[in-house]
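Each chain, written out:
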Amino acid sequence: MKMKNFIMDKFYSVIFMIILIIIWQIAASRQIINTFFFSSPLEIFKDLIILFKTGEIWPHINVTLGVSILGLVYGTISGVVIAFLFGNFNIFSKIFDPILVGLYGLPKLALGPLFIIWFGIGLKAKIVMSTIMVFFLVFFNAYAGFKNTDINLIDTLRTMGASKLQIIMKVTLPSCVPWIAASLRAGAGSAVMGTIVGEYLGSNQGLGWMVQSAGGVYNITRVLSCIAILLFLMSMIDSLLKNIEKRLLRWRQ
Amino acid sequence: MENKKKLQINNLIHNYESKDGEIVHALNNINLSVNDGEFLAIVGSSGCGKSTLLNIMAGMIKPTKGEILIDGETFTFNKHKIGYISQSDTLLPWRKIIDNVAIGLEIEGVNKKERHEIARELMESSGLSGFEDKYPYELSGGMRKRAIIIRALATDPEIIFMDEPFGPLDVFTKELLQDEILKIWEKRKNTIVYITHDIGEAITLADRIILMSYRPSNIKSKYIVEIPRPRDIKEIKHNYRFIELEKDIWEDIKNEVLKAKEEEMISI
Ligand SMILES: Nc1ncnc2c1ncn2[C@@H]1O[C@H](COP(=O)(O)OP(=O)(O)O)[C@@H](O)[C@H]1O
Ligand SMILES: [Mg+2]
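Here the protein sequences come in this chain order: A and B. Numbered according to my numbering, the first sequence spans residues 1 to 253. Numbered according to my numbering, the second sequence spans residues 1 to 268.
In short, the hints are calculated from the structure, not lab data. Here the structure is a predicted model, which means the values were calculated and not measured. A portion of the hints provided could be inaccurate.
To be verified - If you want a taste of the chain B side facing chain A, the calculated C-beta under 10 Å gives, among others:
no. : residue
1   : N55
2   : G59
3   : H80
4   : K81
5   : G83
6   : S86
7   : S88
8   : L91
9   : L92
10  : W94
11  : R95
12  : K96
13  : G104
14  : P157
15  : F161
All C-beta atoms in this analysis are idealised placements derived from N, C-alpha and C, irrespective of residue type, glycine included.
Looking at chain A on its own, in the form it has when it is part of the complex (with noise of 0.2 Å):
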């Protein structure tokens, strides 16, 4: 049932997908594109399968998937938190509001180079780096939904004797669940490449590294096979979330 679901709700980009595959194949067998450049279909798959079969993609996709749910769940907590912090105590935003507006429009990947030289090329790097891809976005969102809470609604609870902790939990919160619900998809989308640039910066495993050095060696197969796998996980991790977010927006119409 979720499946068919799933199913039909991408059924026309499924077509779209397969017709346009179907034409690369054609192009690659009547050598109209240089599969040593593009590679065909038929290849794509055959690699895959070796891949699975032999199981050597497992410790990379898990790698890889791994970095970028920690990311998102430390980025996603410490977003909101900190906009948490802004949102009631005016001395965190005078002080760091125009930092982080400055920092955000920072492209972050540029910093990389520098958490390889202070994390190392194992996986710290990559987690941070990936944390900091989510942070930004969770944080402004949700700091967007602290200061959109209604006021006739803390109002309300003020009049029937609520502690400060109370109107937090009861509304502010609950307020900003469909701002950071919003940003976590995007999140997750940050997250990965977060983890993928992290590992093509240096690494010696994950699918990122997997794409930097068949590119190396001009392995284009190999290459559009991980980036096949990347794809797939993340549409997976995409309606995953939506699911999530369906369930907590319940109340809304």
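We have chain A already, so just place chain B with the ligands on it with the hints.
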């Protein structure tokens, strides 16, 4: 009539400062007391400071000067339990109706079973049974208002403040809800302070009506309604006392409305 004073307002003054630094003298030395179990209505033209007065009485705004006493003690949320119903839709959209109705009890620390029991009973008495597990967006405007009213009743507050609670509703829904308020009050005898710009509504509901002058506002006149209860929301309109009062209050308020209009014209 020697009645116990529930609420007392002494020498109340309130000024607002607008963004460009201009001072708005909203309330000018208001003295007022409300008896225990009394239904008091406050009427006045729009912009005369009714909401300001109510918000100060309900502890939402700190007045520039003056004191608010409940049972002779300075009013604080810790010591006194009040109900507050404004024009706005203040159900928490992420809570089911039953948990909205029960939120006051939840804040007081009443356990879930007990507070749901109280909420369910109230919902039943106001025709909301069957909607316990719905979210606010699934209810009509009138039903949401009902839920807001019983939410205020759930904690059995000492005083209920209402600020044009039925303002944005259509006439039919409004009359149904007025009828409900009458029934509830006749049964429970809570002290109620009710703000409206609708003179008919004030007469229908209240024991006593206070008319506010235009800014800086003061209490211009007081009327005792003296129409026996239980009242019927339809029949009361033909009551000779109703007609007489409506005429008197309207004459009285006309000048204030004109003053308000004039000021508006100037500022345009
Ligand atoms: N927060 C505020 N800042 C400045 N002026 C205000 C504020 N709230 C109300 N006022 C002004 O005070 C006057 C009384 O407002 P209000 O109490 O809302 O009147 P009413 O409820 O009788 O319509 C109005 O002139 C209004 O513009
Ligand atoms: Mg008002």
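Against the structure, the hints:
1. Given hint, B/N55 at the interface with chain A, holds; its Cβ is 9 Å from that chain's nearest Cβ, closer than 10 Å.
2. The interface hint given for B/G59 is met, as the beta carbon of that residue sits about 7 Å from the closest beta carbon of chain A, less than 10 Å.
3. With a cut of 10 Å, the hint placing B/H80 at the interface with chain A holds, because the nearest CB-to-CB distance is about 8 Å.
4. Checking B/K81 against chain A: minimum C-beta separation of about 7 Å stays under 10 Å; hint holds.
5. At a threshold of 10 Å, the smallest CB-CB gap from B/G83 to chain A is about 8 Å, leaving the interface hint in force.
6. Checking B/S86 against chain A by beta carbon gives a least distance of about 7 Å; that is within 10 Å, so the hint holds.
7. Evaluation of the B/S88 hint against chain A yields a held restraint, the C-beta minimum of about 5 Å falling below 10 Å.
8. Of the supplied interface hints, the one on B/L91 holds, with its beta-carbon coming within about 9 Å of a beta-carbon of chain A, less than 10 Å.
9. For B/L92, the interface hint holds, since its Cβ comes within 10 Å of a Cβ in chain A; the closest pair sits about 6 Å apart.
10. Annotation: interface hint on B/W94 holds; nearest CB of chain A at approximately 5 Å, less than 10 Å.
11. Interface restraint check for B/R95: the shortest CB-CB distance to chain A comes to about 7 Å, inside 10 Å, so the restraint holds.
12. Checking B/K96 against chain A by beta carbon gives a least distance of about 8 Å; that is within 10 Å, so the hint holds.
13. Given the 10 Å rule on beta carbons, the hint for B/G104 holds: about 5 Å separates it from the nearest Cβ of chain A.
14. Taking 10 Å as the C-beta cut-off, the interface hint given for B/P157 holds, the closest approach to chain A being about 9 Å.
15. The interface hint given for B/F161 is met, as the beta carbon of that residue sits about 8 Å from the closest beta carbon of chain A, less than 10 Å.
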